[in-house]
Amino acid sequence: MLQVLIVDDSLIMRKQIKKILESLGHTIMGEAKNAEEAVSMYKRFRIDLVTMDISMPGKDGISTSRDIIAIDPKAKIIMITSQGQEDMVVDAIAVGAVGYILKPITSEEQVSKVINKVFIKKSE
Amino acid sequence: MTSIDGNILLNKITKKAKIFLTQYAKIDYDSIGTIQDGLDKLKLNYCSVIVYVHGKLNFTVFMSFEEDLLKEISHTFIGTDEIEESEKKDIYASGAKETINTILGLAFTDYINQGKISGIIPPIELCNTTITKLEGITAFSKDLTTKFGKLSIKVIDYKEKDI
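Chains A and B are the protein sequences, given in the same order.
When you line the first sequence up against the numbering used here, it's residues 82 to 205, in that order.
When you line the second sequence up against the numbering used here, it's residues 5 to 167, in that order.
To be clear, the hints were calculated from the coordinates, so they are not data collected in a lab.
Not one of these hints is a red herring.
So the derived list for chain B, only partly shown, Cβ under 10 Å to chain A, looks like this:
#1 ASP94
#2 ALA97
#3 GLY99
#4 GLU102
#5 ASN105
#6 LEU108
#7 LEU110
#8 ASN117
#9 ILE124
Quick reminder that beta carbons are idealized off the backbone N, C-alpha and C, glycines included.
Sequences are here, hints too, so could you generate the full structure?
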């Protein structure tokens, strides 16, 4: 099971993602609501996976992902994105994100499928 | 010059709002009411959020929630109605913001991909207030009525640009 950092400025999205990940058996190591908190928590804990809101006020999810990957080039970051943000997803993948989940998140399966693909790919 | 008027924008949003309510929040709507234009004030319900959309198209969207409806949607997001008292206000506010973000993302994917919309400014929350409209500005409004209360959607289309 994975140690996860959730990065999202929206309290309700942090709660939703936390509930889903915990029900899938993962451990939430931290919840960050901006880039500064995310980088600080990433340095402090051993993190296997980051879920990253692509659109945050101030430094967005792409720049924050770039900061985390600068610290750890092997960081596994999954972007949380809405319809209409396809260009941002492309930019995030270019920076080093390994997958994305499209909102609204309607089931645990939607999340577990993406995580499984990322970690099966990693172990291949 | 080609332009898209506020009614078309409003209809696109309303269509996706219906899908969001019924398929995601599992809340049926009973009726849709169109509010006549010409109001000089926009009355906003229990909790409202405003988003400014810019680019070749340039407009503002208000979504105004009655209390029980916003609570029901928020509980759907987090999968429970057990919320710490100290967190309720923030949870409901972020529920309103996520709702408008999700609906607008669904409604305007085509315009974003076509370059008609270049950005959506993150939502701002306003509660229990009335906004006086500026002279000459046209508002288009629809209400979706559910058993938990109304979701009011308002579009203010500032101007027309070549698209």
